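**Student:** Use the sequences and the hints to build the structure in full.
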Amino acid sequence: MSKIQHILICDDQIIVHETIIAYLKAEGFSYSSAFDGEEALKKAYELIPDLIILDLMMPKKNGIEVCSTLRKTTDVPIIMLTAKGEEIDKILGLELGADDYIVKPFSPREVVARVKTVLRRKSPRNIEKNPVLRYDGLEINLATYEVYVEGKFVRCTPKEVEIAYFLASHIGQVFGREQIIENIWGAEFYGDTRSVDTQIKRIRQKLVCDNMKWSIKSIYGVGYKFDIKQ
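Going letter by letter, the sequence shown gives residues 1 to 230 in the UniProt record's numbering.
These are computed hints drawn from the structure, not numbers from a lab.
Predicted model only: the values in this text are computed from it and were never measured.
Watch out, some of these pointers could steer you wrong.
Subject to a maximum C-alpha distance of 20 Å in a straight line, what follows is the list of computed DMTMM-like cross-link-like pairs (lysine to aspartate or glutamate) [unchecked claim]: (1) Lys201 - Glu139; (2) Lys43 - Glu18; (3) Lys116 - Glu18; (4) Lys201 - Asp227; (5) Lys213 - Glu110; (6) Lys60 - Asp50; (7) Lys104 - Asp12; (8) Lys25 - Glu110; (9) Lys206 - Asp136; (10) Lys43 - Asp75; (11) Lys213 - Asp227.
**Tutor:** See below:
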């Protein structure tokens with residue numbers, strides 16, 4: 001019997017909880033609710049949910065603060081909710097390590113579809129034939145979603161692991177934003193292609209070390225490639 005996946009919903013509006021919960025229950029998910037940022041953090045650490053739906057604007061601590069705090073200690077998938085349509089809000093949310101975002105007003109069916117998509121991306125069932133890549137001082141394990149640099153564990157979000165693995169498994173091959181999106185997000189991607197740039201920036205920052213013999217290079221006007229120093 002498969003484990004029932006638990007979703008933590010963090011929003012200060014009761015109607016949002018009621019709407020999402022009805023659809024989550026119908027799809028077999030269990031759930032918990034938090035109505036401000038402090039409660040969201042408390043329940044996230046106590047319950048260890050499989051995924052968090054997190055509103056950008058909440059009392060006590062906003063979604064940006066909550067997401068940033070969680071990302072220091074956990075790689076739990078996070079979907080941000082925002083009533084703001086500005087691109088800066090979307091990109092900022094993803095830059096902090098969110099896995100996806102949804103702009104209000106939204107369809108509850110869309111929310112559940114995104115939840116399933118994000119959870120599916122993290123599922124260990126989607127493992128390549130060679131799930132572990134090793135280069136001098138770098139290890140990317142897609143089976144466990146773990147990354148090590150010079151033997152030290154580096155905390156990465158599931159999406160960061162997938163992007164790093166994808167590029168590192170194609171040494172020297174250049175991929176544009178759209179190609180990366182197609183291979184990592186698939187048809188369910190709803191965001192701005194520039195969010196790829198944000199993810200690459202975060203990966204570079206996390207994989208840095210003194211004697212780097214690898215790099216993710218930007219090819220102007222084309223995209224990115226993983227390179228090994230000879």
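**Student:** Could you run down the list of hints and mark each one as holding or not?
**Tutor:** Right, here's what the structure says about each hint:
no.: 1; hint: Lys201 - Glu139; result: holds (19 Å)
no.: 2; hint: Lys43 - Glu18; result: holds (18 Å)
no.: 3; hint: Lys116 - Glu18; result: holds (19 Å)
no.: 4; hint: Lys201 - Asp227; result: holds (16 Å)
no.: 5; hint: Lys213 - Glu110; result: violated (42 Å)
no.: 6; hint: Lys60 - Asp50; result: violated (24 Å)
no.: 7; hint: Lys104 - Asp12; result: holds (14 Å)
no.: 8; hint: Lys25 - Glu110; result: holds (15 Å)
no.: 9; hint: Lys206 - Asp136; result: holds (16 Å)
no.: 10; hint: Lys43 - Asp75; result: holds (15 Å)
no.: 11; hint: Lys213 - Asp227; result: holds (8 Å)
When held up to the earlier numbered hints, the structure conflicts with 5 and 6 and fits the remainder.
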